[in-house]
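Line by line, the protein sequences are chains A and B. Here the numbering used here is used: the first residue of the first sequence is 143, the next is one more, and so on. Here the numbering used here is used: the first residue of the second sequence is 6, the next is one more, and so on.
Please note that a few of the clues may not be correct.
Here chain A is said to cover these stretches of chain B; the calculated rule only asks that three of the stretch's residues, wherever they fall, bring their Cβ under 8 Å from a Cβ of chain A [as the list claims (entries may be wrong)]:
#1 53-67
#2 105-114
#3 216-227
#4 237-245
By construction, these hints were calculated from the structure, which means they are not laboratory data. Just so it is clear, CB atoms sit at the ideal spot from N, CA and C, and this is done for glycine as well.
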Amino acid sequence: MRPERAPRPSLASVQAALLSRITGQALGLPALGAASLIRSDARASAEERLAVHAFMYRARLVEALESQFPRLARLMGAEAFADLTADYVAVWPSRHPSLRELGRALPRWLTTERTAAPSLASLASLEWARADLYDLADEPVLTLDAARAFPAERFGELPLTLIAAHRFVEVDRATEALWDALAPDAGALPGASSPSSAAGLDATLLVWRQGIAVYHRAVDSEERAALALVAAGSRFGTICDLLSAAPGDETVAARAFAWLSSWIADGLLSPP
Amino acid sequence: MTTAGTTPLFPNLGRGLGLRREHYQHVVTNRPAVDWFEVISENFMGAGGNPRRVLEAVRRDYPVVLHGVSLSIGSTDPFDERYLAELDALARAVEPAWISDHLCWGTAHGINAHDLLPLPYTEEALAHVARRVEMVQERLGRRILLENPSSYLELLEGDMAEHEFLAELARRADCGILLDVNNVFVSAHNHGWDPRAYLAAMPAERVGQIHLAGHSEDGELLIDTHDGYVADGVWRLYAEAVERFGARSTMIEWDADVPAFEELEAELGRAAGWETMALGERQDAA
């Protein structure tokens, strides 16, 4: 009697088994040897052939995250950054067709998985915000001429709205300096855990895109509150009212106009 | 050897290059004498910013084709509808000469390996992929091209050779073929295939585009690294492809250690020389 041939595995099961071996994701499958999936020959064994793809998988993800977090990678060094990538993608494998999305969860993951070096999470938050704005839709901005054309007697009614291409990032206060220190043309690298390791998220950075360039700068709590109003859709008079909450302040109008002119110069406001 | 009497389904755009970030400024500013550009679809799916500005500027001066790496046409996972919508939107904005991707799969259980993994060349897979190609073509309202992948492994399960699978898929799904001659060379070396049998199996009218690229050695295997000059053996195989199919839109892929644009133009000049010689051979044989 001839032994019965094992039924051919389905396309779906072959793909799941191979992807599991390449990515290291269990996928709820029993571990399968490469030889049960892949042809061997004199040129290379099944394991060696599988290793080519496993190596390329790791290298591709490291390269993608390095392009999204170049200063974090520089701060950590190549080996530590590759280890970090492996740990991260084990928990957050790519589930999107584009590698552009790979780093989205990294800042949050760092806050829980690298607690000994909180500066890493802050730096990653800033880099991700910058990367995330890179290719958002272009949008028109409020110009100085358009603002000036608004009737002076009704200027308090000037509608103010932030462009979509902005983010507020809560970071520890050393992050901005750390980012500068990690510029490609900067000198010696700072240590990964040296800056204000216990400071907490005590600063806010505004990140935005103007044209094709992405910028960031620190905002104090007063301007942060004003920008929160603008982000929700506000009017110039409301911003003045916010400043007027400080009794006896004679400089309200001057400060409100200073903010407005800087927001316009930075291309932060949408046209009415 | 020639397959005369077949009318190509895709126009011959001439000789093109992959548009890479390192050359954005040069191309937009100097408008070099290249017939057309291929862009990686996923790099331009964002709605704005510098990539889209560059693409719009390039498109004003050149024909453009979209080449994707993430369609995962052979996967048993459902299509990512967001991806198809973004690809469709990009195609409407760019009006490419055509859209291509790879005969491969890259996802399972929702996880993306971002790799161009080979299929088992079975009847089941053929029916599955043909159905998916038809779905994509209906979604995009156009015939797509699929590229033969370079591969480093062959799955045990299989009813046919890759070239038989690809040729039958193209006929059954009524799609085109992007023939990557370097990939034929690399896979043939890695698996002991006959590269000429591969070319001979391709339905000539469906071969709409040809890729050329450099590869590297890794032990006994060749790796499709796109980081150097086209190898001599690949040039010779390219000439055989031209002799067999006639002139086809041909481009050089160079994605790592990207050289100065002039180097790419020189490589494209070599392609022109091989093409001219092969077309002469083809004419003699006719």
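Against chain A, does the region 53-67 of chain B show at least 3 residues with beta-carbon separation below 8 Å? Holds: 6 residues of the region 53-67 of chain B have a Cβ under 8 Å from chain A.
Are there three or more residues in the region 105-114 of chain B whose C-beta lies within less than 8 Å of some C-beta in chain A? holds (count 4)
Check of the region 216-227 of chain B against chain A for coverage (Cβ-Cβ below 8 Å, three residues minimum): Our answer is that it holds, as 4 residues pass the Cβ test (under 8 Å) against chain A, meeting three.
Is the listed coverage of the region 237-245 of chain B by chain A valid when you require three or more residues with a beta carbon under 8 Å from a beta carbon of that chain? violated (count 0)
Hint 4 from the earlier list is the only one contradicted by this structure; the remaining hints agree with it.
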